[in-house]
Amino acid sequence: MSYLLQYFILIPLIGFLFILFPSNKQEKFIFWTTIITISAHLLGTIAFIVFWGNNGFPVLFAKGPVLYAAETSEFSIDFYFDKVSAVYLLVSGILTFLVSIFSRYYMHREKGFKRFFNNLLFFFAGINVIVVSGNFETLFIGWEIIGITSFFLIAFYRDRYLPVKNALKVVSLYRLADIFLLLGIWLCHHVFEKSITFFDLYDLQAHHIDIIQQRSFQLVIPGVFLVVALIKSAQFPFSSWLPRAMEGPTTSSAIFYGSLSVHMGAFLLLRTYPFWEHNLIFKIVVIAFGLTTSLVATSISMVQSSVKTQIAYSSIAQIGIIFIEIALGFEYLALIHFAGNAFLRTYQLLVSPSVLNYLIHEQFFNFIPPQHTENNSFWGKLKVSLYILSIKEWNLDAMMYKFLWQPIKKVGNWFSFISARSIAFAFGPIYLLGLFFVYNKALVPTSIILYLPGLFAGLGLVMALRAFVERKNAMTAWLLIIMNQLFTSLSVAFNEQFDFEQIHIYLSGTIVAGLVGYLCLQRLKGEQESISLERFHGHSYERPRLTLLFMIASMGLSGFPISPTFIGEDLILGHIHHNQYLLTGLTALSLILDGLATFRIYARVFLGPNTKGYHEVAYRSS
Amino acid sequence: MANHTHAVKDRHSTSFDIHEVLHDLKHYLPSQTPLKDFIHHNSLHAFQELDFYSAIFKSSKIFGHQATFNVGEYRNLYKTGRIRIEILDKAIQDRKGIDGLPLWKERVLKQQYDSSFTPRIGQLRRFWKEAYHIDLDNLVQPLLFRILCSYLDQGIAIEHFPFENEGLLTAIRKLETNSFSSFFKTKRAKALLFDPTCTIESLLKMVVGDASFYTQYIFDQQFTHRGWSGMVSAIEDNPHSILYPKKISLEELLHFELLLELDNLDDQLGTNWTPLSSKVNVAPMDLFADVANTELEEVLKIWQDAFEWSYYDEVLAGVRYLSENPTTNSVQLPKSFQAIFCIDERECSLRRHVESSDTTSETYGCPGFFGVEFFFQPENGKFYEKLCPAPVTPQFLIKEYGVTEKHKHDLLYTKKTHTFLQGFLLSLSMGVWAVLRLFSNIFKPKMSPAISDAFSHMNMYGQLQVENKNPNDIENGLQLGFTVDQMVVRVEGLLRGIGLINDFAPLVYVVAHGSSSANNPHHGAHDCGACSGRPGATNARVFAFMANHPKVRAILSEKGLHIPDETQFVGAMHDTASDDIGYYDEDLLSVVNKLSHQQHKATFENALDLNAKERSRRFASIDTMKDIRKIRAAIRQRSVSMFEPRPELGHGTNALCFVGNRSLTKGLFLDRRAFMNSYDYRTDLDGKLLLNVMKPLPPVCGGINLEYYFSRIDNQKLGAGTKLPHNVMGLIGVSNSSDGDLRPGLPLQMIEVHDPVRLLILVEHYPEVVLNTIKVLPELYEWFANEWVHLLAIHPETNEFYFFKNGAFQVYNPIKKQVNVANDLQKLIESANEMKTNHIIDATKENLSIHVIQNNADRQ
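Those sequence lines, one after another, are chains A and B. Taking the working numbering, the leading residue of the first sequence gets 45, the next gets one more, and so forth. Taking the working numbering, the leading residue of the second sequence gets -5, the next gets one more, and so forth.
For the record, the hints were derived by calculation from the structure and aren't laboratory data. Keep in mind the model is a prediction, meaning the values are calculated, not measured. Incorrect hints may appear among the rest.
To list a few chain B residues with every Cβ distance to chain A over 12 Å, as calculated [what the hints assert, rightly or not]:
id, residue
1, 139
2, 147
3, 201
4, 295
5, 321
6, 373
7, 379
8, 424
9, 426
10, 603
11, 828
12, 846
Using 25 Å as the maximum straight-line C-alpha spacing, the simulated BS3-like pairs for lysine-lysine come out as follows [claimed, not checked]:
id, chain 1, residue 1, chain 2, residue 2
13, B, 90, A, 453
14, B, 90, B, 295
15, A, 69, B, 90
Derived coverage of chain B by chain A (criterion: at least 3 residues anywhere in the stretch with Cβ under 8 Å from a Cβ of chain A; other residues may be distant) [as the list claims (entries may be wrong)]:
id, stretch
16, 108 to 117
17, 167 to 174
18, 344 to 358
Virtual Cβ for every residue (Gly too), placed ideally from N, Cα, C.
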């Protein structure tokens, strides 16, 4: 029956393809296609689970299509199914079903009606990919789908400033998580010397006990995955993105950030549990994070005077407790808690507009003016301090900027001397020179070759940093990103006896996406439109099609799954040896930064308020 | 108003005076009060002393909002026929003369205009970004909004703002002294918080520098978050607009915001930076200086005139047709019953259906507080609620007693899910329940405590203490109930005003209205505007009590207003969302009246069915062709559906206000777009009563109309935008994001059906009487003279139309000579189009044109 698993992914994908084509006005067709898809999926899930239960809840594994295979590495779509999958599948099926029906009239006549259902189904497909994935590579695909749909749904009202700003904020953290996930895959690949599947993890203890108990790995491997889980589930210290993600329609906030999307961190933790099943120190680390999160988030939630933010932090607090439950080995409790929290928060968010009426009514009949007493004692002061800290969300939002992005910005600004001209006249020739020697390695002394990967990775990173801080010209930034990828591939090419085919896969993605994006920007420029990165331009208002095209190019360039760039990214990391931490670091950082820079260009040029005076534009603060 | 204009003009001749600036600032900020009550008002009230077009274009230049549709949109409306060619020609001629027609027609139809402009607001503060590379708004606003919201919060947060009873600044000072942490990042700003010599001016000196920039800076700053500033200002002026009053003032907000700005500037720039004016290379600007008139504006005026008159002209053609082809419109004696409704345009269709369901019935319209103004205290309620138009301050209190029903709770709304341990237990246990509730909310919506229920405002079976027998019965300065004499004044005033002075039917229904809706923070905007945005059931019941009072009747008889003994008044309320009517005190009816009441109830039910069907044509969730009973059930379900952002469409499409006999409009299909105030000029030839009838119309109906106009024209800047992402803040307002500004105005879902045309008030009386009447009160006259509301007199004898323009009435003859005739109203409704998108080009197609209803085919 494991061959059935692929249908969990295929059904929503087919539905998604169907509703890509109708116009926004065809609400009935869009809605019914969505609801038939999800109903079929939900019924299938229930039937499957009953059948599976009858067979005694076996763990299922299926090998899927191989996308790429070589001696050392293999990239295949695998499937895996266990109790965790079953619960997640069922909960997400029920919630997506209910929220879709809720959205039918809720979203009626919204400009983004179609966009909403497109994203909902694609997101649902992504969830399914994660939940039934059989290896990290497959899981990563789902992960990216969730990330990208999240970006689109946060920036759903793309002609306002705050949604776009916050979408960028969230997607930046997501990108960080994604690259950590890639690092995790890279680590596993090297440590276990093959692409490992979740089925392998299942009996990890039996076969690889020596490896996972090895000192250097017992914290690093699960640690990398923990970072991913912390970000995705908005745990401490990454919590502040969650309330800021609630920019879309209430229904999408409910299903994404109230329930399904945020619980994916817990899912990853459950999946990677075999890595640290007997690792007491790591368990304490997880518990510490979970406990800190739930205490901090509760304190913030209790002072919140805006209803969605309050629910967001309550949800975070409960997920913190779920983390603790997982660490303590209470898998069943964690799953029940997940389901309960997801259902409850979805409901609370969906009906959140009605609290105004409900609580005012309560106040009207039950209000007792609170007593105010001044307490100057130590405890009184502590309480007030806690209040102030909680109002400020424990400075979490400011800290993300201060400790994460600002240092990168600072370093990036060292390279602000690099201009479009210097790319053409200095870095272009360097690259071509490098390219020449890759094909003629014999001409280079071995002692020098040793340093070339690091050199080129470093140059690539410089390009990425420079692109990240480019604040003026979108075209320059775009070219820098392309240059970054060219240099990155060069560094790998020097790293070992490399397979040109792999680099070509990577570069084909980069070049096609890069060219398409370049032409889009060129076209805007040709039509006398500004493409500076100093502010948002909102060209999507007048050019929705060009926006779509550029978005696809951006996804290609930033290595969205299934794009050749992505497979390339995976392969390229695969070519870095496990002791080359510097090279790994440089490459990973490059990947993070070029993703951020790409999304930034897309957002600045195509999203945000279009201020041409002849139509309504919201104030910046609204 | 006059004083104010003076103050604005003189701003630059005198030195900076913070109180003057605050006064001006308050004048221009949005004045919407917390959302629990929704009072419609002119969104650009600050510019009301100017004429309409000057005002909207000036405001647009200053604040950057749209004032009208853009030229392209008008041209498309012209292409689709919504703007008629002959009306456009007339609109051009009216402004440019017959000689100007060819030139201006060319301009109006073909000329390309550059519509881009930079608003005046924000031109000073942009230098923070341009010269200092600091995004000050992003640094200050999230924390500032959070503090304001937490301070004003009415019950979302579990932890109260410490020291919230002491005023904003004092509370913050106490917080800072009693804590180990701080809102401030740097020392200087924190020290200044406690410095008694620190004033707004001294802070401005540090932040802005040059004093000539102060005023502009303050406006720039406060208008980056007009929602919050407006809310603070509104609460400062009406502390009781929130149930848990908080001391706060705009001055404190300004002071605190400047401290936060200073704090962030110190944090970003270190200690060594010079104030803003040192890096500004432009001169200070007078934001409110006159703006130059442009050709584009002239073109837009012509277009908007033509847009409005294309509609008015059709209405007038219909009214003319009725007067020229009188049918046996007048109701035959004896009358079965009379019903007094609110003037609200949503009752326009219900009145039509009641009259057609029982042709011997008669309906009237008057403002829905029925002339009785008071505070109401429901049993166990801790507060009073004002039930009369917003500007009135009542001296009376009506208390409810004898309620046995308990106030219901909903456990899923408990705040305990946000705490640590209980949150853990509840999220484990309530999840399944929540999902089941979601199932039932979606597939079987029904009334619940979380839904705003118009009928829960006053208990159906409770008692009211209406009569005051001892004038010393006073509670908090309010007299408990009305004395007989006070009742007489009110009953007589209302009945004479609407011209109901003889031919009383045995039953007179006094039908208030309210609206039930689910998941809707703007529910107050659907209730009765004449009752301060609340359901008006109590007023209906109080009025019925007064009119039934034997002593009141006796005195009225002496005054020549004889109400037969067998006549009884019945209070009732129409739920405009669910299309239900509830009746009060039915057990007080005489045996005979009880019997006929049962029949009339059936009439009302029938009319409600028809009304539901008429409304359903605009609702995507209902097929208008369905069985009428099913439509009615579906309408009822919408009002309790959590997923329905349009439980009803409120005042959308309102455009007309008739003051006169029902015969003016009876037989005309006005598509629920007309306020209708009954008035009989024959009983008031010298216009003595007319003033009181007309006085509330511009502020109430005109206020509604203009709020819809502006929310429609610029839903982003003057409206609240789409309601789907709204986040309830502190139970006082909505914002879009966790860090966003409050959004005053109407949400998109309420205004999509609205055609932004100004209100046309049509009064049936001699033009000279109308003119004299409006001239009595300058503030009333201003509305018409400045064209915020249009006025037209219908000569009662000649039926000639007189349009009020430039201070005088001029004859207007409808250009349209033909009228649309509907033989079957049901068919007309069934065949109506549904808008394809909510863009005006498509949306306006949903509005049906004026039809003369030829026979009574809509009778069931």
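These are the hints, each one checked on the structure:
Look at residue 139/B: its CB is around 8 Å from the nearest CB on chain A, not clear of 12 Å, so calling it non-interface is violated. Chain A draws residue 147/B into its interface by the beta-carbon criterion, the shortest separation being 4 Å against a cut-off of 12 Å. Annotated as non-interface, residue 201/B keeps its C-beta farther than 12 Å from every C-beta of chain A; the closest such distance is 19 Å. No beta-carbon of chain A comes within 12 Å of the beta-carbon of residue 295/B; the shortest separation is about 17 Å.
The non-interface label for residue 321/B is consistent with chain A: the shortest C-beta to C-beta separation is roughly 40 Å, beyond 12 Å. With a minimum CB-CB distance of about 9 Å to chain A, residue 373/B fails to clear the 12 Å threshold, and the non-interface call is violated. Distance check for residue 379/B against chain A: the nearest CB is about 8 Å away, which does not clear 12 Å, and the non-interface claim fails. Distance to chain A contradicts residue 424/B as a non-interface residue, since its nearest Cβ pair spans about 5 Å, not more than 12 Å.
A beta-carbon of chain A comes within 12 Å of the beta-carbon of residue 426/B; the shortest separation is about 7 Å. With a least CB separation of 22 Å from chain A, residue 603/B remains clear of the 12 Å interface cut-off, as annotated. The non-interface label for residue 828/B is inconsistent with chain A: the shortest C-beta to C-beta separation is roughly 10 Å, within 12 Å. Taking the minimum C-beta to C-beta distance to chain A, about 32 Å, the non-interface status of residue 846/B holds against the 12 Å cut.
Between residue 90/B and residue 453/A, the direct Cα distance comes to roughly 60 Å. Violation of the 25 Å bound is thereby established for this hinted pair. Proposed proximity of residue 90/B and residue 295/B is supported: the alpha carbons are some 11 Å apart, at most 25 Å. Between residue 69/A and residue 90/B, the direct Cα distance comes to roughly 41 Å. Violation of the 25 Å bound is thereby established for this hinted pair. Coverage of the stretch 108 to 117 of chain B by chain A holds. Counting CB-CB distances below 8 Å, 3 residues qualify, and the rule asks for three or more.
Counting residues of the stretch 167 to 174 of chain B whose beta-carbon sits less than 8 Å from any beta-carbon of chain A gives 5, enough to reach three: the coverage restraint holds. Note: the stretch 344 to 358 of chain B has 0 residues with beta-carbon separation from chain A under 8 Å; the three-residue rule is not met and the coverage is violated.
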